[in-house]
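Residue numbers (this note's numbering), protein chains in the order written: chain A, 1 to 454; chain B, 1 to 454.
The hints are simulated quantities; they were obtained by calculation from the structure and are not laboratory data. This structure is a prediction, so every number in the text was calculated from the model and none was measured. Treat the hints with care, since some could be wrong.
Pairs of lysine-lysine, DSS-like flavour, derived with a Cα cap of 27 Å [stated by the list, open to error]:
(1) LYS83/B to LYS191/A
(2) LYS298/A to LYS41/B
(3) LYS298/B to LYS287/B
(4) LYS83/B to LYS226/A
(5) LYS83/A to LYS255/B
There are 2 protein chains.
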Amino acid sequence: MDRPLGERFALLTDLYQLTMAACYFEAGMAEEATFSFFIRKYPPNRGFFVAGGLEEALNYLATLRFVEDDLAYLESTRLFQRKFLDYLKSVRFTGEVNALPEGSIFFKDEPVLEVSGPVIEAQLAETFIINAVSLQTLIASKAARSFHVARGRPLIDFGLRRCQGTDAGLKAARASYLAGFLGTSNVLAGKLYGISTFGTMAHSYITSFPREIEAFRLFAQVFPDKTILLIDTYDDIRGARHAVRVAKEMEARGKRLQYVRLDSGDIAAISQEVRKVLDDAGLTYVKILASGGFDEFKMARVLDAGGRVDTFAVGTKMGVSADAPYFDCAYKLVKYGARPVMKLSTGKVTLVDKKQVHRFYDEQGRLHRDVIALREEAVPGGAPLLNKVMEQGRILGPLPTLKESRDYFISQFGLLPEPYKAIQDPPAYPVTWSPGLTALQAKVEQEILEREIK
Amino acid sequence: MDRPLGERFALLTDLYQLTMAACYFEAGMAEEATFSFFIRKYPPNRGFFVAGGLEEALNYLATLRFVEDDLAYLESTRLFQRKFLDYLKSVRFTGEVNALPEGSIFFKDEPVLEVSGPVIEAQLAETFIINAVSLQTLIASKAARSFHVARGRPLIDFGLRRCQGTDAGLKAARASYLAGFLGTSNVLAGKLYGISTFGTMAHSYITSFPREIEAFRLFAQVFPDKTILLIDTYDDIRGARHAVRVAKEMEARGKRLQYVRLDSGDIAAISQEVRKVLDDAGLTYVKILASGGFDEFKMARVLDAGGRVDTFAVGTKMGVSADAPYFDCAYKLVKYGARPVMKLSTGKVTLVDKKQVHRFYDEQGRLHRDVIALREEAVPGGAPLLNKVMEQGRILGPLPTLKESRDYFISQFGLLPEPYKAIQDPPAYPVTWSPGLTALQAKVEQEILEREIK
Numbered sequence: 001m002d003r004p005l006g007e008r009f010a011l012l013t014d015l016y017q018l019t020m021a022a023c024y025f026e027a028g029m030a031e032e033a034t035f036s037f038f039i040r041k042y043p044p045n046r047g048f049f050v051a052g053g054l055e056e057a058l059n060y061l062a063t064l065r066f067v068e069d070d071l072a073y074l075e076s077t078r079l080f081q082r083k084f085l086d087y088l089k090s091v092r093f094t095g096e097v098n099a100l101p102e103g104s105i106f107f108k109d110e111p112v113l114e115v116s117g118p119v120i121e122a123q124l125a126e127t128f129i130i131n132a133v134s135l136q137t138l139i140a141s142k143a144a145r146s147f148h149v150a151r152g153r154p155l156i157d158f159g160l161r162r163c164q165g166t167d168a169g170l171k172a173a174r175a176s177y178l179a180g181f182l183g184t185s186n187v188l189a190g191k192l193y194g195i196s197t198f199g200t201m202a203h204s205y206i207t208s209f210p211r212e213i214e215a216f217r218l219f220a221q222v223f224p225d226k227t228i229l230l231i232d233t234y235d236d237i238r239g240a241r242h243a244v245r246v247a248k249e250m251e252a253r254g255k256r257l258q259y260v261r262l263d264s265g266d267i268a269a270i271s272q273e274v275r276k277v278l279d280d281a282g283l284t285y286v287k288i289l290a291s292g293g294f295d296e297f298k299m300a301r302v303l304d305a306g307g308r309v310d311t312f313a314v315g316t317k318m319g320v321s322a323d324a325p326y327f328d329c330a331y332k333l334v335k336y337g338a339r340p341v342m343k344l345s346t347g348k349v350t351l352v353d354k355k356q357v358h359r360f361y362d363e364q365g366r367l368h369r370d371v372i373a374l375r376e377e378a379v380p381g382g383a384p385l386l387n388k389v390m391e392q393g394r395i396l397g398p399l400p401t402l403k404e405s406r407d408y409f410i411s412q413f414g415l416l417p418e419p420y421k422a423i424q425d426p427p428a429y430p431v432t433w434s435p436g437l438t439a440l441q442a443k444v445e446q447e448i449l450e451r452e453i454k
Numbered sequence: 001m002d003r004p005l006g007e008r009f010a011l012l013t014d015l016y017q018l019t020m021a022a023c024y025f026e027a028g029m030a031e032e033a034t035f036s037f038f039i040r041k042y043p044p045n046r047g048f049f050v051a052g053g054l055e056e057a058l059n060y061l062a063t064l065r066f067v068e069d070d071l072a073y074l075e076s077t078r079l080f081q082r083k084f085l086d087y088l089k090s091v092r093f094t095g096e097v098n099a100l101p102e103g104s105i106f107f108k109d110e111p112v113l114e115v116s117g118p119v120i121e122a123q124l125a126e127t128f129i130i131n132a133v134s135l136q137t138l139i140a141s142k143a144a145r146s147f148h149v150a151r152g153r154p155l156i157d158f159g160l161r162r163c164q165g166t167d168a169g170l171k172a173a174r175a176s177y178l179a180g181f182l183g184t185s186n187v188l189a190g191k192l193y194g195i196s197t198f199g200t201m202a203h204s205y206i207t208s209f210p211r212e213i214e215a216f217r218l219f220a221q222v223f224p225d226k227t228i229l230l231i232d233t234y235d236d237i238r239g240a241r242h243a244v245r246v247a248k249e250m251e252a253r254g255k256r257l258q259y260v261r262l263d264s265g266d267i268a269a270i271s272q273e274v275r276k277v278l279d280d281a282g283l284t285y286v287k288i289l290a291s292g293g294f295d296e297f298k299m300a301r302v303l304d305a306g307g308r309v310d311t312f313a314v315g316t317k318m319g320v321s322a323d324a325p326y327f328d329c330a331y332k333l334v335k336y337g338a339r340p341v342m343k344l345s346t347g348k349v350t351l352v353d354k355k356q357v358h359r360f361y362d363e364q365g366r367l368h369r370d371v372i373a374l375r376e377e378a379v380p381g382g383a384p385l386l387n388k389v390m391e392q393g394r395i396l397g398p399l400p401t402l403k404e405s406r407d408y409f410i411s412q413f414g415l416l417p418e419p420y421k422a423i424q425d426p427p428a429y430p431v432t433w434s435p436g437l438t439a440l441q442a443k444v445e446q447e448i449l450e451r452e453i454k
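Just chain A, with the same shape it has in the complex (with noise of 0.2 Å):
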């Protein structure tokens, strides 16, 4: 087993992290100081996000704690008092977390999540939080775009290879699971997560055999209930012969083949050959799937250009979100004792206090609009979406399992308008200010311009 997330990743942080708590620990400074994470803007042709990584954040809150060896490194540096490092060692984190559960549809400016407690604990959380929250959502909200896209087919996720590292290819697997995809061809994923797995055959499978259809007839034999031919590794349409040769092989022993891969080309023009010399074959049970480059654009265009692809395998562009591979996002102090606070650094405002989401669907049911309030403020008609999920560094009740958090997304992303799931430009989802909010931003900008500036 290996050792809780806290632990091995208490280290995980910023030496200013680190810097900064002892500054509050040597001038005491011990109040309740609030962060809230959010997205400061879209990145082109983006209009939503998909939340994901709160659990692997919740986990880290529960177990942070700084181990005998990860101390004795921080005192090999000499930057730090030996009181500090005692102090360091019975550090837990004793706050509350509110946030929008995994799967949520939210929108830029929006609070992800809100760490409340004394302000060493929350702030040493930062750097591992914004990593963690960041990641999955980045994967989750591209992954969203292909599950659009795809109208119903199933996605699998081949990214790991080119993921940028270990970790991330573990969390694209989860995170497009979240958002919609069926398996993943990643195996540990498959067993931490409990997600199905697909594979198939590499090229060079093929090309360990003096000819194509012997690899073939091989993999027929060893999975006769789960046989995938890859058929491009010399020419798509001899491929497709082969791997008819095989399926009626397969029919004489009363077996199926069950999908025919293709990886390169024009996978469009390819798919309809293929599909003509499956189906003049009698094979119309026989499906394609396709991979090669695969992200929503491509798979639009294959689409619209009437390929014939039942499945399709969603890998690097999906896997790193290639297109946008991070999000501005901010961990921000908006709170510290009773006085709410902001930066005023050029171009880049936080909206102060702790807050509360709160959504309004039309008659249909559908995402209207949302407003951003304080967090006890009344918003009549607007359902809070926001909930305490720790307390007292505890997590609250059994978390949403992966699963109910996947059907939490399919069921939201149907109630979002279609113009908002756009690939390219789409409009802006409505979100505003509350009254409240609206009244104590302007109020604490005038307080700080009055304090600091004049």
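For this one, chain A is given, so just place chain B on it according to the hints.
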């Protein structure tokens, strides 16, 4: 202690590696296979790569094994027969690896590493090797561009929070250090890799105090020898004046303010103003550190516009290689048994057989051209770049330390002529095929055309 890499990540593989292995096992195919890892093409504005991740790949191969818990999971999928799972239990990597040293500069189509071993062993390793080598190579190749533009100014990795996961955050610190960075904000990377760590304070630290100058004073008191003050929370110039007051107070105590940090706005203009504020106060020794959205492009713009920045913190855009978040790389079978092999899919041709890269230097000792040759082919005058680093599953000799690999990169990068380092539209470095490789490539292609296509 975490378990060995090859045990923790035996299942971090695409399912097809296991289905192919089951076929090879069933057919008794155990001949030696050689796989070659290479990058097929340059992303836009790129003309060279920096090799990273070899140590991780070798540690994985040296410790690869399927533990009971993993075998139990595989059994639960009902995909595999008992005798194959029994075989998997005993699988170890017993082959050979030839590779470029970490820190090497290389070019497209050149093998970065070649893995030879019984086909199941060499095939099983594909996913992890691509994942590990492509990530560190991606980040090192990106970071080297900042190293070039900085012209000797120290660079610090600030990427962790928006890197794609925990592993990516660690590897970004390691790979950017490999490519000439001085240090990182990532404390765990500091501990694991022995890299220097750097840190200042966040805007939240400033805003948690009623007044900016109080936050500055406390930091200067707690870290008197490492004081870096973030001055842009409310207004850069006011912040610089507050920093001057604190620096004078420090002088009275015999201490010196090290840095002020800028994190937003027009850094070229602001840094000049701040420099003037500092110099006018007699604080010519106080340096300026800039952060906030830096990559090689922004760094070049700021320096070209006369920015007075002494040290750059480079974060997200380097940490995810934002303009090229993945490489078109592959791990392809190039030889099976005595037979050199390739695939012919549209636009994706593989160079056959075991290979070596020979580098030719000009009279000044600078990189002149490379020749890709067959492994044992004589290439007079060229310096062979790939070394045998693993034999019979054992790592040969002590690998270079990270510091040694960094020194190697820096020395080699100094020998790469300036035009190839251009961050926009670099010329193509000349790489040709040897006579032996050219002839064999043509022969194998002809044989395949005759066998599979005609």
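Quick rundown of the hints versus the structure:
no.	hint	in the structure
1	LYS83/B to LYS191/A	21 Å, holds
2	LYS298/A to LYS41/B	20 Å, holds
3	LYS298/B to LYS287/B	19 Å, holds
4	LYS83/B to LYS226/A	19 Å, holds
5	LYS83/A to LYS255/B	23 Å, holds
When each numbered hint is compared with the structure, no violation occurs for any of them.
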